[in-house]
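Trainee: For the record, the sequence lines run as chains W and A. Using the working numbering, the final residue of the first sequence is 108, and nothing's skipped along the way. Using the working numbering, the final residue of the second sequence is 1747, and nothing's skipped along the way.
There may be inaccurate statements among the hints.
What the hints assert, rightly or not - Restricting the straight-line Cα-Cα distance to at most 27 Å, the calculated cross-link-like pairs of lysine-lysine (DSS-like) are: (1) W/K7 - W/K29; (2) W/K38 - W/K9; (3) A/K1449 - A/K1358; (4) W/K29 - A/K1674; (5) A/K1434 - A/K1358; (6) A/K1186 - W/K30; (7) W/K8 - W/K29; (8) A/K1449 - A/K1691; (9) A/K1186 - W/K34.
These are computed hints drawn from the structure, not numbers from a lab. The structure presented is a predicted model; accordingly, all values stated were derived computationally and were not measured.
Here is what each chain is made of, one letter per residue.
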Amino acid sequence: MTISAKKKKGMVILHIEGDMTINTAATLKKELMKLIAKPCEREIDLSEVSEMDTAGMQLLLLAKREAIRQNMPLRLTGHSRAVLGVIDTYNLAAYFGDPIWITGGAKA
Amino acid sequence: MSDNSSQFIQTFIAESHELLREMEEILLHLENGPHDADTIDALFRVAHTVKGSAGMFNLEPIVNFAHIVEDVLDRMREGEIEMEPDLIAVLLDSCDHMLLLVDVVAEQGGQLDEEAQAHEADLCQRLQVYQVGALAKHGDTKGGDERGTRVTLAEEKDTPLTASGGGEVSSDNWHISLRFARGILKESLDPIYMIRYLSNIGEVVSITTLADALPEVEDMDPEACYLGFEIDLKSDANKNTIADVFEFAHQGSLIHILPPHSKSTEYIELIRSLPEDEARLGELLVSTRALTQHELDDGLKEQMKGAQPDGTTRLLGEILVDQGSIGQEVVQAALDKQAQVKVNKGKESRYLRVQADKLDELIDLVGELVIAGAGANMLAHRSNNTPLQEATSTMSRLVEEIRDSALNLRMVQIGETFNRFQRVVRDVGLELGKNIELVITGAESELDKTLIEKIGDPLMHLVRNAIDHGIEPAATRVAAGKPEKGTLRLNAYHDSGSIAIEIADDGAGLNRDKILKKARQQGLVAHDATPSDEEIYNLIFEPGFSTADAVTNLSGRGVGMDVVRRNITSMRGTVHLDSEPGLGTTVRIRLPLTLAIIDGFRVGVGKSSYVVPLDMVLECVELSEAERQSAHQRSYLNLRGEVLPYVSLREHFESEGSGGRRENVVVVQYAGQKAGLVVDELMGEFQTVIKPLGKIFSNLRGISGSTILGSGEVALILDVPSLVQQAVTREAQQVSWQRPDQPAAVR
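The following block holds chain A by itself, in its conformation from the complex:
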């Protein structure tokens, strides 16, 4: 179609993706469970809808391929072929191929490369086995073209009509006359969508629905279409564009499209070719202003002159008689009123499609609003003006709510991402001959859309690894007394301001000794060091840690794991691995919920202020002088009898000055680890808009971003995970140093 449809093509692409994903889901479901007519219908609908809408955009490659799939599904629906594993496999591949087609043909406007074409040919061949019957039945030679539909363009009739004469009609609207084939609804092609689509290419000036063909109650097939439509369309589109809308109407539909200013005789011709009573149609055309009474009369006269004196002409003559006798005003009034009702655009839907960048823009603006609000708030507090302070505090509350709901807009449930792995687990499992079940929990946990997009690849890697190397072959499993079917779990849950995603398998687990040996060989661990199990397992995330030539049940596990970790770290997340020999491995990813705005806790060290994400703050305690002295020696604080590793921000950031009389400790928690941050001043809650730091600062440890305070000053956002890590490591080192002299010192 024309260029102005680019917006619709986007909708088409998005909808096709959704539909094909749905198809994939159904197919996977069918593989493991029984099927019923509904599910097969649903599959058919997907193929059909994709084909139908691709046809509207003249995307031939998609149409052709979808048609073959549709044929096969149609046969299945008719019960001619059975659902069998091979067929499901072919359909799954076809589903992928359609996705590819949509991406390549519709989105990039390109063509398939040779490899993909070969794949398509191969798929077609496999599908053809199931399609044979369908081909014979429809008599189609090649997929895709249902050109049997009678799309009568006035062009085709030009020659005989010019001969018969007749003046042009004055109406500058297109006239479309539709009588759909009975079977169209069963093909899940509802005329209503075609008619609604018309409003995309023009303005539907009037539409009359004719129900004359409705048979007697007992003869009426509730699934057949008996309706006819007379439509006047005001549009600049050309004939083909309009005809394309109905391209997929079922064979046997009568579709007439008369361009603006057609000859009045063409209208008469049309009236005669339609099944309804001619008098009624003539009246209708006049009443919808497609024709004027005068034009109708003229056309009729022309007809009379040129036509043979047979029954039909006389019948047409009767129109004139009827016209005079029917109380036209009544109908006219009703129709006039309706003529103004434009056909509604689009489907009613509970969802609104919004472009992602519009949303990002909104979030950016909200970010600025938060900063500006903080500025106003601060000024109000300085002014000692109580009403002003009240006003600004109300405003802050509202801004906070706007911020939350704006961020919520970007929150997406992780379930969809998880569900995609059903397919991966199935495919990779088949490939390796392993029977694996994927169990998904926590699918409704939400996180930021940008994170969802970025987490896909690392997750894919971890899932593949778990299937490939985690879960043992069936024979080994049975020998180990485990069920033959392996289980892979994907789980997500919220935990103190972050989301945790777990990938757990019930495989053999990691081989601790072999990793340790390898690590020692590679110099990752000192020969005399005795790292904990946990530390050993997490070695596989180290960049240099390759086990390619090492142990079998482990090989590959390390490859690319450093990339996984790097990806996750770049999202301010962490990844962590637990393994139990013989029982399985769990990889736990922790990600912040959002990237843009957080609730922060502001602390001061010397003259600068820092922000700690509030979700991670557990409590604040005062650091007494005595505690401070002793802390210096033993590198941990005593929190009500508990060992609390700590970092002094003053030392960490090498701030000037010696600090105030009093120091405070902010106790933070991350991934179950507690640590204290020693600061000078506690400044309270603060809405923080995270501004990324430039590349130059990317190597800074302990800082994850910056923000702008109400006063315009810049405050750094602390990277709590890395600070906690640092505190814990330091404390551990300290403890192990102290061990020789005073063995029972701390633990």
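Next up, chain W with everything else stripped away, as it sits in the complex:
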């Protein structure tokens, strides 16, 4: 699991690659929280997240809550299948409020 950050037009884009699971949660939390400590407009690119479980989702929820507290937008983009699966199961799309692809095949 790796996180990289880059600036683009006054906005920070975080790119998470690899697993967001209980196994990586400790490192992920440390790095992610460090990266979102300063109030700023952010996007988290989830397209390379290969696996996600409840622990991983909790960290996204935590990040979102912090952003709401800072009154700063935090957008999730490029949700990978793994991420969409968790968001679907937990019905969190509305909470995050990001446009996502409806996973059509899975619903049928």
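Fit chain A to the supplied structure of chain W, relying on the hints for placement.
Mentor: Just chain A now, kept in the frame of chain W:
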């Protein structure tokens, strides 16, 4: 659970097998190498998952046993006990036992027999040594039951609630309220699986995830679970079935399950017992339509009437106030939209589980398609209609591709089969006090699944033999100047349309003279015959060849070897043995890649046609009249200066007629041996669907099956290995007969 879960139980069985195999692999790996936290975690996960999913199906015996294993692994994970050879041995046995349990309890629905039960008791005892600490820590008296989990069924509360009154709510959904224990994720029990599982027993109408319990960033433990869930489930299942889903939730989880049409006061009760803000929960239940506003109000009124005038009741009263003030429409809209999103079934996976018979059916159909396609093709060629011919040839190409990919579906890498022998080598080696390393190469070679299944037993026999009789005891090895550690190699590779599997040891090799002596005693070899080394070694595959009372370094080698050969021959394969005294023995098995459809080469003899597997055809040459004459005398052909044994199919099958003006030779190769088949006519490539021959024909030599031509005629498929063998033998005999008169005749 109920009957409709039979499909899931199949999944459970398959997954348990995979997991336990993984566990075995890890354990074997641990035995030879260092371990780290990850591997032990992985072991723990296996035991835990098996236990957890067995619990979902109420398979008590599996749960109980897996629990003990899990405890031991948990202690290991905590660093309380060390990984040591004895422990690995116990765990390996436990792993086997769990496999047995899965087979007996889950698959056959039976119970362990006495012997297995005794074995289990023994295992438990051995495990207990390592488990003691865990028992003390958890305070469990017996393995398996984590009934400490608070599964509150509404039933239990019936009495006081009826007393307190309150009308039934109109919702016909179950309401499930979950607050998981913090530690649940660390137990590798992810709530997401339980929630996803719910969609197996009903329809998840709505689900709300509550993250209210998430603490401040610095206090948040990334491995703890802070989420809560309110779920409405539409299901015909009973309470127990639903409660079972959460049976394995960690102790300290709050789980409330309210059946459809519960009393509204029960909901209020629930709201009060949950950690979140009551107003928020009331609003949530209304918004997910578990309760109507009216019902909530009613329930509250009832509560007010009956309750003591203390702080809590007043707090509940405030819900009403809050309800009016919060902009409900906003939330409602968002939730309504989401309510339709059903919880996805199953895990995302790169693999698809398909039942084997469905696949077989597909292959059968493709087979018919190939035959039908050939028929259409032939008609098109006769019709002289060019566009039609073009269309059919495109179709043939596509059919060919479909055939290839359909057959590919059944192709399985042999590696998994090979890996199973790690365990055998280890166990048998330990038993005999030999230190043996198994080296696997070519694990990615693929062959048909049905063959993989059938090759297991013969391979097992050969591997055991190699360990038992091939590789010498350490002392002997050292004395012979060989490394103390014996090596056994399993290798697989593709070779002209077949797969070769080699089992090679670096042991003492076979004792040629002793086999020969024995064979002469048993009358397998004539007293004056001088067979080649190769022929001698392969004598051990002869049915009557027993060496039970013979030489030590050989005893047992012959026993059952004929069965090995018979098994392999029944798969249209061959087995062959090479041995080098002092250096080792190699057994080489050759199998066709598939059993169903092959590319064939059609040849004609007289009026009938025959099919030769195309992979075995090297070339075709014309048989000139002169060559034909001389061939009759010396039983081999001259292929550009090379001696080529041959079989005339006309003679072999005693076809009528004297053949055409021209004859052709199809040069075929099998296992490094070349031979010529003399035929009348070459008819070209032909996709061949192999139809087995009936039992009556099982003794026919030289025929391995039949196929149906496009015209509806039947063509026989030639058994090239046996024909080659026959040609070579005949040529060899001829040569040895000729030897006395003309010693330098051929070689």
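Trainee: Holds or violated: A/K1186 and W/K30, Cα atoms, limit 27 Å.
Mentor: 18 Å, holds
Trainee: Is the hinted pair W/K8 and W/K29 satisfied, with a Cα-Cα distance of at most 27 Å?
Mentor: Given that 27 Å is the threshold and the Cα spacing comes to 23 Å, the pair holds.
Trainee: Under the criterion that the straight-line Cα-Cα distance not exceed 27 Å, is the pair W/K29, A/K1674 satisfied?
Mentor: 67 Å, violated
Trainee: For the pair supplied as a hint, A/K1449 and A/K1691, confirm whether the alpha-carbon distance does not exceed 27 Å.
Mentor: The given pair, whose Cα atoms are some 18 Å apart, holds under the 27 Å limit.
Trainee: Quickly compare the C-alpha distance for A/K1449 and A/K1358 to 27 Å and report which way the hint goes.
Mentor: 14 Å, holds
Trainee: Hinted pair, alpha-carbon criterion (27 Å max): W/K7, W/K29. Please report holds or violated.
Mentor: 21 Å, holds
Trainee: Taking only the CA atoms, is the gap from W/K38 to W/K9 under or equal to 27 Å?
Mentor: It holds: about 17 Å lies between the C-alpha atoms, which stays within 27 Å.
Trainee: Given the hint that A/K1434 pairs with A/K1358, test it: the Cα-Cα distance must not exceed 27 Å.
Mentor: Judged against 27 Å, a Cα distance of about 45 Å means the pair is violated.
Trainee: Verify the proposed pairing of A/K1186 with W/K34, using a straight-line Cα cut of 27 Å.
Mentor: Since the Cα atoms of A/K1186 and W/K34 sit roughly 24 Å apart, the hinted pair holds (cutoff 27 Å).
When the structure is compared with the earlier hints, violations turn up for hints 4, 5 and for no others.
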